[in-house]
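Construct all of the structure, not just a fragment, from the sequences and the given hints.
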Amino acid sequence: MSVEGIGARVARKEDKRFITGQGRYVDDMSVPGMKHAAFVRSPHAHARVGAINAEAARAMPGVVAVLTGAEMAADGIGNLICGWMIHSKDGSPMNMGAWPALASETVRFVGQAVAVVIAETKSQARDAAEAVEVEWEELPAVSDVLGAIAEGAPQIHPEAPGNLIYDWEIGTKDEVEKAFGEAAHVTRMDLTNNRLIPNAMEPRAALARYDAADDHFTLWTTSQNPHTARLVLSAFYNVAPEHKLRVVAPDVGGGFGSKIYIYPEEITCLWAAKKTGVPVKWTGDRSEAFLTDAHGRDHVTVAEMAFDANNRITAFKIDTIANFGAYMSLFSSAVPTYLYATLLSGQYDIPLIHCNVRAVYTNTAPVDAYRGAGRPEATFVVERMMETAARELSVSPAELRRTNFIREFPHQTPVIMLYDAGDYEASLNAALEASDYAGFAARKAEAQRRGRLRGIGISCYIEACGIAPSKAVGSLGAGVGLWESAEVRVNPVGTIEVLTGSHSHGQGHETTFAQLVASRLGVPLDNIAIVHGDTDSVQFGMGTYGSRSGAVGMSAISRAIDKVEAKAKKIAAHLLEASEGDIEIADGEVRVAGTDKKLGWHEVCLAAYTGHNLPDGMEPGLKEGAFYDPANFTFPAGAYVCEVEIDPETGHTDIVQFVAADDFGRIINPMIVEGQVHGGIAQGIGQALLEGCVYDEGGQLITATYNDYAMPRAHDLPSFRVSTTETICPSNPLGIKGCGEAGAIGSPPAVINAITDAIGNNDLSMPATPEKVWRALHAAGGGLREAAE
Amino acid sequence: MVTVSMTVNGRQVSKEVEDRRLLVDFLREDLGLTGTHVGCDTSQCGACVVHLDGKAVKSCTMLAAQADGASVKTIEGLADGAELHPLQAAFKEHHGLQCGFCTPGMIMSGADIIARHGSDLDEATVRLELEGNICRCTGYHNIVKAILAAAGEMGGGMKQAAE
Ligand code: FES
Ligand code: FES
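Read top to bottom, the protein sequences are chains A and B. Following the numbering used here, the numbering of the first sequence begins with 1 at its first residue and continues without gaps. Following the numbering used here, the numbering of the second sequence begins with 790 at its first residue and continues without gaps.
Note that these hints are calculated values from the structure, not bench results. We put the beta carbon where it would ideally sit given N, CA and C, even for glycine. Hints should not be assumed to be uniformly reliable.
[To be verified] Derived DSSO-like pairs: lysine-lysine, alpha-carbon spacing no greater than 27 Å straight-line: (1) A/Lys122 x A/Lys275; (2) A/Lys569 x A/Lys623; (3) A/Lys444 x A/Lys772; (4) A/Lys16 x B/Lys862; (5) A/Lys122 x B/Lys804; (6) A/Lys16 x B/Lys881; (7) A/Lys16 x B/Lys934; (8) B/Lys881 x B/Lys844; (9) A/Lys89 x A/Lys173; (10) B/Lys934 x B/Lys881; (11) A/Lys444 x A/Lys471; (12) A/Lys16 x B/Lys844; (13) B/Lys862 x B/Lys804; (14) B/Lys862 x A/Lys122.
[Said to hold, decoys possible] Facing chain B, according to a computed beta carbon distance under 8 Å, are these residues of chain A, among others: (15) Thr20; (16) Gly23; (17) Ser123; (18) Asn199; (19) Asp285; (20) Ser287; (21) Tyr609; (22) His678; (23) Ile681; (24) Ala682; (25) Arg713.
[What the hints assert, rightly or not] So, partial list: chain A residues that the calculated Cβ filter (under 8 Å) puts toward chain B: (26) Ile19; (27) Ala200; (28) Phe720.
Here's what the structure looks like:
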């Protein structure tokens with residue numbers, strides 16, 4: 001391993017600007033003549049939009065314009081789309097209701113925008129937005145899925161009778177039923193996956209400019225995938241044709257999925273910029289983020305697992321209802337289907353699976369992918385079931401998992417996925433050892449002497465990342481391909497720019513991607529620049545989500561490097577009068593192996609550009625591109641062990657130890673990978689202990705500020721003990737599996753398994769607040785007594 | 790409108806602003822110091838922390854007028870020229886940041902914590918005192934590590950002598 005190449009713990013190249021306050025986020029930007037937007041939003045969860053009276057607002061100081069949904073519709077701006085078609089089991093396409101960027105007829109969740117005010121300053125825009133009068137006709141609303149599918153529930157979209165978007169299934173129902181009939185033991189659970197609000201720390205923002213002379217738009221936006229934004233804005237929303245629209249996602253302050261989607265505000269700013277002739281900036285505040293960012297999770301599930309007399313799983317059946325909120329967000333339909341049900345085999349050899357999923361509209365904010373997207377929900381179901389089954393079968397939870405682990409690869413699950421490589425026992429053993437699982441009983445006894453209840457919980461997760469072979473996702477209903485592009489541009493002096501379609505919003509691409517190039521072309525990191533996030537610079541790209549930037553984005557870079565390397569070797573062989581096969585590139589030199597004949601890397605690059613002495617027929621220049629389409633998903637997996645102590649008097653949970661052993665395949669920068677795991681675990685612990693989005697029955701968001709929505713803070717969390725095991729991913733040239741979501745996927749069941757172990761009551765939902773834990777403890781009969789004894 | 794004058798990062802500034810102008814908007818919009826961020830509207834996230842007369846404050850929670858006559862230091866003024874403050878360097882070395890959005894507030898809070906506790910800092914104290922700063926990316930693990938490392942370095946002589 002070199003000090004800068006693959007595997008090295010290199011400090012990040014991008015850090016300097018962030019630690020000195022020189023980051024360039026959208027809200028930090030301004031352009032001449034720029035005005036500010038503020039949205040008029042619905043205070044009701046469900047209402048008809050009547051007359052909008054903006055006269056008073058228009059007369060207020062600084063106001064440039066007040067624009068409404070009716071005007072937007074008249075200008076032919078298209079409705080928001082969902083980009084993944086799912087068919088119900090009866091073959092019918094999903095029932096999608098129309099979602100205009102500014103509603104002109106009906107609003108269906110609190111916070112939905114109906115008009116926008118453009119004014120000189122932010123405060124003036126907000127003042128005027130408050131002065132816009134809307135005549136609302138309130139309609140009955142429903143906020144929870146069971147209520148929404150109940151008889152007589154308020155009807156949310158005319159296109160979706162009974163509020164049902166689709167009723168989908170995967171697997172073999174009859175065979176599963178038969179296996180249940182023959183089971184020696186059945187474990188059954190009702191499980192809820194709590195609704196979360198992503199809360200990237202940078203609120204969403206958009207700055208749109210229209211240049212009339214060129215009929216050209218520029219949008220600076222908080223996006224994880226600027227090219228997809230441009231495609232969708234032009235192909236579906238009719239804002240501008242693609243070649244007349246530049247989308248830039250500069251520094252972006254976290255995304256976690258919530259910045260994949262193209263939201264009403266970006267569309268509105270673009271449209272308003274042309275309509276008013278002034279550049280328009282909107283920066284959301286945190287309250288708007290709570291109300292309008294796509295939320296995550298929100299599943300209600302019944303699961304049953306059948307075992308034979310040897311404790312081997314014979315069948316698994318799952319029935320899930322997923323809350324989609326009031327509209328179908330961009331990837332919403334794929335989350336509880338192809339990102340969830342396809343992972344229900346977990347790390348286990350399960351011969352038969354059947355999963356039914358109903359997707360349902362409610363009068364709440366749209367729900368879409370949030371860190372992990374479907375896979376945390378699947379892992380929660382599988383790993384709560386495994387722990388519970390072990391308790392019921394009186395075997396150790398580790399043993400039951402071992403009994404059922406998949407041990408041979410490739411492994412075809414009954415739910416589409418073909419696992420390519422893994423060693424689940426290795427990560428479980430690593431986690432058990434690091435957590436001193438064997439010494440737990442003594443720690444529990446010691447805690448008991450202090451009046452504390454100690455518990456331990458395991459979770460063995462698997463996820464599918466590196467989404468995904470375009471052909472495969474196309475056949476499953478995706479509206480786009482999921483390849484990635486890269487261009488490696490070698491300058492005449494030998495420095496290198498890499499243009500990538502991946503987007504970094506905290507993942508450290510400017511460093512890891514450069515490490516790959518440094519390893520392959522022997523160029524120092526300082527001589528490599530990573531360019532991303534601008535549709536004018538980068539030809540096309542699919543962006544960053546689903547832990548795909550390493551496995552897919554870097555694979556594309558690797559392919560482009562292959563081509564650069566091949567051409568550089570040809571040039572060097574020609575100049576050194578050697579055979580191409582003998583040329584090696586390393587440490588800034590291009591050498592003939594086994595001789596002292598060599599050229600500096602920069603000399604070869606310069607030769608490529610002068611063109612004075614190139615092999616016959618070769619084009620000058622040294623710049624190559626690649627589109628990489630993955631051969632398969634990748635399958636990161638690992639084992640987490642959580643140990644907790646509960647105060648029986650207050651129900652408060654302390655996480656006293658959290659151990660992670662992950663298999664991410666090959667690792668480029670261990671420091672960055674550990675950081676990804678830390679952050680993911682914190683979000684997972686947040687879900688398990690603290691975070692819960694609450695709407696009241698009428699659809700008002702109760703948890704709309706940080707006073708009410710409990711974010712994990714430093715003192716809620718321990719330091720984590722993370723390590724990795726390694727099986728190389730055979731499905732991409734770098735052997736990378738991806739690491740961005742694992743922590744959030746694997747940790748919630750580990751925490752809940754630990755708490756339920758401590759309190760002796762398995763009936764506990766997330767977030768496991770002190771009140772819930774206290775109630776569960778006392779329902780179980782006397783944690784206090786037990787601890788005191 | 791009101792005229793406010795203060796020293797920001799050692800520079801004397803004076804501007805006429807709306808009475809309701811928040812200090813954070815004054816810094817970001819009137820002075821162009823966009824390193825100080827806004828992450829919430831309820832005084833909870835700490836992305837906006839600056840030093841006012843040497844103490845950490847949330848600049849979203851005071852008016853520019855209240856800072857009249859004060860000396861303000863923002864993230865842009867923390868380094869000594871090209872020389873990073875030890876805490877800035879520690880954030881980089883220990884990977885205490887990912888997206889960087891919470892980072893200015895974290896560093897300004899961290900510097901204040903170190904100033905008050907010196908090398909006596911321990912992990913529990915750092916975690917407790919970061920109560921007013923939210924990070925969604927790092928899980929705090931490396932932020933805590935960076936603050937402890939910088940504290941050790943800044944007061945390192947004392948600590949080692951004591952051990
Ligand atoms: S912006 Fe000041 S505390 Fe959040
Ligand atoms: S680094 Fe992203 S919020 Fe802290």
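Evaluation of the provided hints:
1. A/Lys122 x A/Lys275: With a Cα-Cα distance of about 19 Å, the restraint between A/Lys122 and A/Lys275 holds, given a limit of 27 Å.
2. A/Lys569 x A/Lys623: With Cα atoms ~14 Å apart, A/Lys569 and A/Lys623 stay inside 27 Å; holds.
3. A/Lys444 x A/Lys772: holds (22 Å)
4. A/Lys16 x B/Lys862: Holds: A/Lys16 and B/Lys862 sit about 18 Å apart, inside 27 Å.
5. A/Lys122 x B/Lys804: holds (18 Å)
6. A/Lys16 x B/Lys881: Judged against 27 Å, a Cα distance of about 8 Å means the pair holds.
7. A/Lys16 x B/Lys934: Roughly 18 Å separates the two Cα atoms, so the pair holds.
8. B/Lys881 x B/Lys844: holds (24 Å)
9. A/Lys89 x A/Lys173: Between A/Lys89 and A/Lys173 the Cα gap is close to 12 Å, so the pair holds against 27 Å.
10. B/Lys934 x B/Lys881: holds (11 Å)
11. A/Lys444 x A/Lys471: This hinted pair is violated, its Cα atoms lying about 52 Å apart.
12. A/Lys16 x B/Lys844: Distance ~24 Å between A/Lys16 and B/Lys844 Cα, so the pair holds.
13. B/Lys862 x B/Lys804: holds (17 Å)
14. B/Lys862 x A/Lys122: holds (25 Å)
15. Thr20: At about 6 Å, which falls below the 8 Å cut-off, the nearest Cβ of chain B leaves the hint on A/Thr20 intact, so it holds.
16. Gly23: Given a least distance of 5 Å, the restraint on A/Gly23 holds.
17. Ser123: Holds - the Cβ of A/Ser123 comes within 8 Å of chain B, reaching about 7 Å at its closest.
18. Asn199: holds (6 Å)
19. Asp285: holds (5 Å)
20. Ser287: This hint holds: A/Ser287 lies near chain B, its Cβ roughly 6 Å from the closest one there, short of 8 Å.
21. Tyr609: Not OK, violated: A/Tyr609 not within 8 Å of chain B, min 34 Å.
22. His678: holds (4 Å)
23. Ile681: holds (6 Å)
24. Ala682: holds (3 Å)
25. Arg713: holds (6 Å)
26. Ile19: Because about 4 Å separates A/Ile19 from the closest Cβ in chain B, which is inside the 8 Å limit, the hint holds.
27. Ala200: With Cβ-Cβ at 6 Å, under 8 Å, it holds.
28. Phe720: With a closest approach of 6 Å, the A/Phe720 hint holds.
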